[in-house]
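Q: If you read the protein sequences in the order shown, they are chains A and B.
The first sequence begins at 1 in the UniProt record's numbering and counts up by one.
The second sequence begins at 1 in the UniProt record's numbering and counts up by one.
Fair warning: there could be bad hints in the mix.
Unchecked claim - For each label pair, taking beta carbons as the anchor points, the in silico distance ranges come out as:
#  : chain 1 : residue 1 : chain 2 : residue 2 : range
1  : A       : Thr131    : B       : Leu372    : 20 to 28 Å
2  : B       : Ser611    : A       : Lys699    : 41 to 49 Å
3  : A       : His120    : B       : Pro817    : 46 to 54 Å
4  : B       : Val739    : A       : Asn680    : 33 to 41 Å
5  : A       : Thr427    : B       : His632    : 53 to 61 Å
6  : A       : Thr118    : B       : Ser116    : 57 to 65 Å
7  : B       : Leu372    : A       : Thr348    : 19 to 27 Å
8  : B       : Leu740    : A       : Glu644    : 37 to 45 Å
9  : B       : Leu423    : A       : Leu372    : 35 to 43 Å
10 : A       : Thr118    : B       : Ala552    : 44 to 52 Å
11 : A       : Asn680    : B       : Glu746    : 14 to 22 Å
12 : A       : Tyr435    : B       : Ala552    : 55 to 63 Å
Think of the hints as simulated: they come from the structure by calculation, not from any bench.
Where is the CB? At the ideal position from N, CA and C, for every residue including glycine.
Protein chains: 2
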Amino acid sequence: MNIVEEGRVGGIWEEEACGQAPVWAHSSINHDPQLHHQHGNEADAEALTIPNDASSSPRDKSGLRRPLLQRKNTLLPDSSYSVEKHQAMVGANVSPIESLDYELIENELFRQDWRSRTKHEILQYVFLKWTFVFLLGVLTGLVGFGINMGVENIAGAKFLATTKFMATRGFIPSFLLYAGSNAVLILISSLLCVYISPAAAGSGIPEVKAYLNGVDAPNIFSPKTLIVKVLGCICTVSGGLIVGKEGPLVHVGSCLASILGQGGSKKYHLTWKWLRHFKNDRDRRDLVTCGSAAGVAAAFRAPVGGVLFALEEVTSWWRGPLLWRAFFTTAVVLVVVRTSMAWCKGGTCGYFGEGGLIIFDVEGVKSEYGLLELFPVIVLGTIGGVLGSLFNSLNAKFVVFFGGVLNKRWPSAKVLQAVLIALLTATISFLVPWYAECRPCPEQKVGVFPVGAECPTHGRAANFKGFHCPPGTYNDLANLFFNTNDDATRNLFSIGTRGEFRKSSLLIYLASSYFLAVITYGIAVPSGLFVPAILCGATYGRLVGMIMGPIAGENSLDEGVYALLGAASFLGGSMRMTVSLCIILLELTNNLRMLPLIMFVLLVSKTVGDSFNDAVFDIHVMLKGFPFLDAHPEPFMRHLTAKEAVSGPPVTFNAVEKVRTVVEVLRTTSHNGFPVLEENGAYLCGLVLRSHIMVLLEKRKFLPRLDDSYYEEGIHLSSADFAKPGSGKRMKSKIENLVLSQEEQEMYLDLRYLTNTSPYTVVETMSLAKAFTLFRQLGLRHMCVIPRKPRPTEGCPIVGILTRHDFMPGYLHSMHPHLRG
Amino acid sequence: MNIVEEGRVGGIWEEEACGQAPVWAHSSINHDPQLHHQHGNEADAEALTIPNDASSSPRDKSGLRRPLLQRKNTLLPDSSYSVEKHQAMVGANVSPIESLDYELIENELFRQDWRSRTKHEILQYVFLKWTFVFLLGVLTGLVGFGINMGVENIAGAKFLATTKFMATRGFIPSFLLYAGSNAVLILISSLLCVYISPAAAGSGIPEVKAYLNGVDAPNIFSPKTLIVKVLGCICTVSGGLIVGKEGPLVHVGSCLASILGQGGSKKYHLTWKWLRHFKNDRDRRDLVTCGSAAGVAAAFRAPVGGVLFALEEVTSWWRGPLLWRAFFTTAVVLVVVRTSMAWCKGGTCGYFGEGGLIIFDVEGVKSEYGLLELFPVIVLGTIGGVLGSLFNSLNAKFVVFFGGVLNKRWPSAKVLQAVLIALLTATISFLVPWYAECRPCPEQKVGVFPVGAECPTHGRAANFKGFHCPPGTYNDLANLFFNTNDDATRNLFSIGTRGEFRKSSLLIYLASSYFLAVITYGIAVPSGLFVPAILCGATYGRLVGMIMGPIAGENSLDEGVYALLGAASFLGGSMRMTVSLCIILLELTNNLRMLPLIMFVLLVSKTVGDSFNDAVFDIHVMLKGFPFLDAHPEPFMRHLTAKEAVSGPPVTFNAVEKVRTVVEVLRTTSHNGFPVLEENGAYLCGLVLRSHIMVLLEKRKFLPRLDDSYYEEGIHLSSADFAKPGSGKRMKSKIENLVLSQEEQEMYLDLRYLTNTSPYTVVETMSLAKAFTLFRQLGLRHMCVIPRKPRPTEGCPIVGILTRHDFMPGYLHSMHPHLRG
């Protein structure tokens with residue numbers, strides 16, 4: 001680390017108030033340690049750890065570390081993490097976070113670029129946009145298909161081998177085979193996650209949400225993460241854990257989008273140099289949004305549901321044309337998936353048949369229902385709300401506890417934890433059906449049976465598993481436990497199979513799958529939450545259906561429909577989505593007549609769940625420490641003004657600044673935006689970004705004298721030089737690698753050329769709630785706070801800069817403790 | 001009209017530059033006529049018509065009148081209307097328009113109110129919100145049901161009587177009965193529209209769009225409009241015109257929402273006084289959004305489609321929680337509609353049976369299709385795009401031509417026009433089948449026939465109309481022409497009825513329904529566009545299906561499916577929606593397997609259509625003269641700065657201003673927002689609204705001396721006094737009714753108490769495109785432009801105010817003619 005003149009930085013340069021150059025000394029570290037949190041929400045780790053005696057300050061470290069959990073009465077404990085860092089796995093080492101630039105940086109260069117853009121280039125840009133979403137759809141569809149094929153083949157081989165062993169060698173060897181293969185699969189998956197790409201753990205939806213909210217964390221969309229996610233997802237799902245592949249597919253779609261959008265990966269020499277018009281965060285955000293929609297579409301074969309999922313759950317900003325492009329992407333995904341599946345019908349895909357992508361057909365079911373059916377709907381909705389929110393809080397507690405204990409002391413314990421959970425799952429799912437009583441097969445006239453309705457069957461994808469039962473009998477617990485999650489769901493949803501399960505079996509399965517789901521989500525493997533939620537929900541839904549059956553008599557709905565409603569209720573109670581879940585479930589089950597019932601179940605379960613805690617993905621966004629901006633300001637922000645949220649005068653530059661000063665400021669602070677003042681600090685010229693200054697420094701665009709400027713000299717830089725690198729690729733570290741001669745350090749930089757001359761400003765007396773609205777709606781990175789009475793003689797023309805960090809409730813509470821009550 | 005001192009106002013008060021009180025004289029009418037368009041986009045009609053010699057000015061009247069059509073290459077002619085006024089019917093008298101206040105007006109009063117709000121009041125507010133959407137759902141459902149019942153009963157009686165006459169009295173009497181009853185129905189409808197509520201004409205979707213964009217036009221949501229819309233809609237649809245009831249239902253839903261939201265109607269003594277927390281434009285906007293969703297849900301029985309329609313087509317701003325509330329509203333609508341229909345099954349509703357609400361069941365159809373079906377999909381999409389966009393431009397031309405000719409000279413000609421079109425429609429729909437050849441009935445084994453499949457039938461709601469044909473034969477043209485639009489659609493969509501229509505019949509029907517649809521939409525009756533689009537689209541869709549049938553052979557899709565795809569293509573080509581249309585069509589036809597095909601048809605037709613012109617509702621928004629803010633700035637706005645869009649220094653007030661000055665400014669200008677300066681114009685205190693000043697004046701809250709202030713005196717006004725009245729209820733006229741004594745006029749007003757001290761500001765050098773983004777995203781009414789270099793000695797602390805009007809491309813083009821190229 002080569003921070004220069006560390007001693008000198010501390011409290012020496014104290015001069016006049018802002019208005020004279022160089023003013024950056026006000027941010028000297030020892031003098032005012034808080035300034036480091038002021039703008040630029042990533043902070044140089046070293047700079048932050050410089051000890052200071054400000055422990056009594058309301059902004060000290062412990063204050064900073066208690067940011068997000070106070071916002072609502074979540075059930076989470078007060079853990080130790082910083083708003084400025086995020087954790088790929090809870091409890092793991094934190095990584096720096098950066099905000100994305102969505103604002104139009106209106107500087108001279110940009111204006112020239114705007115004016116000079118030819119019609120040809122605009123066409124090229126539009127063409128590129130549509131090509132990208134087309135490619136994105138194709139790739140996501142193929143990857144989704146590949147994951148399904150991998151899972152079905154591995155799981156199929158595993159189940160077949162185990163069944164064979166059971167028939168030939170008995171209990172112990174078959175159990176060992178089953179548990180062993182599961183453990184090995186999870187071991188691979190967790191090793192990949194822990195040692196290669198920690199960002200690939202979990203569902204990835206919190207990461208995508210955070211990115212689309214404007215938070216860029218390193219590696220969340222890197223090619224490494226993509227590969228680990230895909231491989232890990234195959235291993236985890238086929239390893240028999242109670243996890244799904246839907247969340248991971250959303251992450252995969254977003255990864256693909258991000259990699260496409262940044263023109264490949266520099267590290268692996270996959271960059272396309274001609275993508276210069278795509279080098280900004282806005283276009284990438286749009287692409288990632290389409291990617292998340294494509295992921296859902298590939299996971300559920302639900303194109304409309306995918307678009308709505310992206311709209312309702314994932315994105316923070318939505319533009320009209322995006323609906324249109326996301327729709328196109330999911331349409332492409334659908335065609336790819338359909339075509340691949342048609343190709344598989346010939347038997348060329350191993351064990352992968354029709355069923356791989358979950359589609360639960362509940363068509364042809366009685367669809368007449370009246371107001372009477374509102375009663376079970378309310379019951380199911382309430383159960384779903386209670387169990388779903390309980391799931392959220394139990395899971396959060398578990399994640400925080402183990403994350404804190406394991407990752408702090410012994411990181412590779414994560415691997416052990418995953419393997420232990422795999423063994424536990426395997427044990428439960430093997431032993432429980434083993435000790436269950438065999439049931440006689442139903443007569444074949446009960447109803448229209450789905451595929452695999454012969455009884456009993458051995459192998460996989462069947463409604464009536466034989467397991468170890470004698471011929472003519474089946475094991476209803478094996479139907480659920482000794483199956484892939486998709487097949488278990490299909491069994492629960494199956495229509496016309498009244499009486500297939502015993503109530504006790506369903507209760508046992510509910511308890512164990514709920515317990516396993518709670519402890520599984522959050523361990524170091526790629527794991528989705530949709531499937532666990534659907535499994536638990538469908539189980540108690542079917543249970544309620546079995547209880548309702550005798551009451552409602554002939555008129556009652558099918559147990560499969562109850563299972564569907566139960567699944568909806570758990571999803572609603574845990575994830576708190578409405579329209580998108582509704583559409584996804586309809587697209588899964590292909591029966592629009594269920595719409596009103598599903599709508600009401602979701603309404604009830606979301607309402608019940610909301611009264612307890614936050615949605616599960618929001619909780620995980622918090623746990624991972626992403627500085628997420630909610631859609632609305634917290635009520636307490638009404639009592640603060642913008643001025644009360646900023647911390648003293650910012651580090652400013654003069655319009656033409658000495659290279660030495662610039663370099664030292666960049667070295668000693670970690671801010672990403674600097675106000676530029678003109679005429680000796682008399683008025684605000686605008687805001688310049690650290691990354692843009694870095695380009696000037698690296699290209700050695702210096703002026704020999706103070707009175708020169710690029711306007712006369714010509715800068716000979718194009719907008720391509722200032723193109724933003726892709727997600728997670730920061731330039732910050734480079735300031736330490738920059739070596740400048742003494743002569744060069746005495747030269748000048750004309751910052752006006754790069755200064756965004758029209759940053760968004762708010763007056764210092766504006767309430768923080770109103771400022772938040774502006775900041776959030778426009779997706780800003782820096783917002784300038786200007787004084788109410790501009791007086792050049794009295795002080796700085798800028799009061800401070802608000803960043804994402806300054807709106808974090810935890811931070812504000814630590815600054816203004818009286819607001820806590 | 002009592003504008004005081006008209007002569008004196010002209011160019012006398014010329015004093016110092018902004019900074020000294022009173023500065024309002026700068027806006028004197030003759031001196032600078034342009035200022036009237038500067039902020040406040042309604043303008044006093046009288047004040048605007050004062051003649052001026054500024055015809056050479058780029059901002060002269062003709063410039064102002066050419067605003068919106070230049071934005072894209074629409075096919076519309078350059079008509080004569082103003083951006084400040086709107087026309088309920090194109091060509092009719094214009095009415096003043098006002099912007100809505102979505103910004104938080106942060107003044108002292110508001111802050112006190114915010115702080116003092118108790119938990120009880122917040123709960124009351126939340127309860128109210130949900131009660132309102134519940135009531136809205138119930139009412140919209142009931143009204144939708146009532147409209148359907150009315151239409152089905154009137155049309156049913158009409159068709160039965162005509163058929164009876166045909167059998168007993170022959171051609172002439174039955175034709176006279178048919179045409180006469182249609183003409184009378186349309187006469188009633190158009191008389192209501194022209195003489196009682198012109199705002200009820202047309203579909204109402206442009207009005208709802210404009211309102212949700214922040215434009216408040218008088219009477220668009222008044223109770224009078226609601227009643228006329230409902231009655232007119234029943235008459236129009238049962239009168240046999242090629243119109244639908246879907247658009248009107250959207251308007252009805254929004255009307256109901258608006259009336260609920262403003263707590264009933266003051267005029268009819270239906271106000272609820274306790275709704276004080278709901279008296280703001282934000283809450284009303286949310287409610288109207290839910291209302292539009294409810295309208296679609298009631299029209300199509302498509303709850304999810306309704307929510308998406310509101311999201312995609314109608315709203316300009318969307319908030320997450322709204323999705324959730326709109327979803328609840330449509331769920332309630334669905335329950336109400338289902339319950340009403342169940343109640344009707346007993347035969348208690350006259351001729352109203354199952355079919356009233358269009359649901360075209362295409363279930364049970366072959367759903368296997370591969371890549372081969374992409375070919376007809378592309379063909380249909382292209383046809384839909386071409387015919388749809390052609391429809392938009394022909395209809396716009398027709399509306400502008402007749403609107404201009406008829407309404408200018410002879411307003412009641414609108415009634416005649418409507419009746420003539422009704423007679424023309426009746427003649428075509430009676431004569432064409434009369435001269436058609438009768439066809440033999442098909443054998444009953446062709447397929448699974450829908451309801452009314454016996455052949456031939458007489459009366460209504462049937463697949464094989466007998467009309468005048470002998471027994472054993474049917475008239476395929478009568479199936480289409482001599483039917484309600486819903487039944488014609490049902491015939492076109494019907495499955496398994498291959499060969500029901502001749503190609504020539506379909507061609508004849510396509511041509512006449514297309515022609516009639518073009519001339520019908522825009523006349524002075526409530527008329528929706530969905531049904532005409534579905535009819536035309538389904539006709540050519542079925543035609544394509546008949547042509548494709550022999551080519552594809554056994555594998556071809558059913559003709560009914562082709563009709564569905566054709567309907568989708570025309571809707572996409574004309575209205576340019578994607579996801580919402582897709583979902584609406586799916587909910588109508590209850591077959592999710594059609595999803596991919598419908599998606600692709602919509603993609604193709606929208607793309608084709610977009611390359612020709614704007615969506616039909618956007619065109620009508622323009623034609624009606626609403627100053628609609630698009631989601632994105634026009635490209636030319638990049639070349640302008642914010643300063644170039646404002647016009648000179650604004651009319652400002654001092655913080656404590658003499659009553660006489662305030663009154664005179666209010667009388668002589670039409671602005672709605674005034675900057676308030678403090679310390680002799682040294683700095684900007686904020687922005688005060690005309691409506692708030694009016695409250696002070698009316699309540700006589702005057703200060704005897706200049707040095708007093710309300711802060712010491714106490715103002716004794718609550719936020720309820722400043723509550724915004726409902727849509728279309730302006731307070732502006734009241735300034736002319738205000739009578740103040742000489743003594744009172746010499747007193748003072750302390751405006752600081754009411755001044756929004758944190759208006760959103762932009763720096764004058766910001767590009768207009770960026771300023772537009774801010775303005776549009778936050779839904780502002782006034783945006784202050786501040787100078788780059790604030791210098792108290794040099795000039796005004798505010799450069800000007802930007803309003804909605806200043807962003808209108810037509811206006812900007814007239815100011816900066818060089819940008820036109």
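Q: Taking 55 to 63 Å as the hint, is the beta-carbon distance of Tyr435 of chain A and Ala552 of chain B inside that range?
A: At 57 Å between Cβs, range holds.
Q: When you take the CB atoms of Val739 of chain B and Asn680 of chain A, is the distance between them in 33 to 41 Å?
A: violated (55 Å)
Q: Using the beta carbons of Thr131 of chain A and Leu372 of chain B, state whether their distance is inside 20 to 28 Å or not.
A: Between Thr131 of chain A and Leu372 of chain B, where Cβ atoms are some 25 Å apart, the hint holds.
Q: Take a look at whether the Cβ-Cβ distance between Leu372 of chain B and Thr348 of chain A falls inside 19 to 27 Å.
A: holds (21 Å)
Q: Is 35 to 43 Å right for how far apart the beta carbons of Leu423 of chain B and Leu372 of chain A are?
A: Roughly 50 Å apart at Cβ, these two residues miss the hinted range, so it is violated.
Q: Per the hint of 14 to 22 Å, is the separation of the Cβ atoms of Asn680 of chain A and Glu746 of chain B within bounds?
A: violated (46 Å)
Q: Tell me if the beta carbons of Thr118 of chain A and Ala552 of chain B are separated by a distance inside 44 to 52 Å.
A: Given about 45 Å between the Cβ atoms, the range holds.
Q: Holds or violated: the 37 to 45 Å window for the beta-carbon distance between Leu740 of chain B and Glu644 of chain A?
A: holds (41 Å)
Q: Evaluate the given range 46 to 54 Å for the C-beta pair formed by His120 of chain A and Pro817 of chain B.
A: violated (27 Å)
Q: Quick one: are Ser611 of chain B and Lys699 of chain A within 41 to 49 Å, going by C-beta?
A: At 42 Å between Cβs, range holds.
Q: Could one say that the CB atoms of Thr427 of chain A and His632 of chain B fall in the range 53 to 61 Å?
A: Holds, since Thr427 of chain A and His632 of chain B (Cβ atoms, about 58 Å apart) stay within the stated range.
Q: Does the hinted range 57 to 65 Å hold for Thr118 of chain A and Ser116 of chain B at CB?
A: holds (59 Å)
Checked against the numbered hints above, the structure violates hints 3, 4, 9 and 11; every other hint is satisfied.
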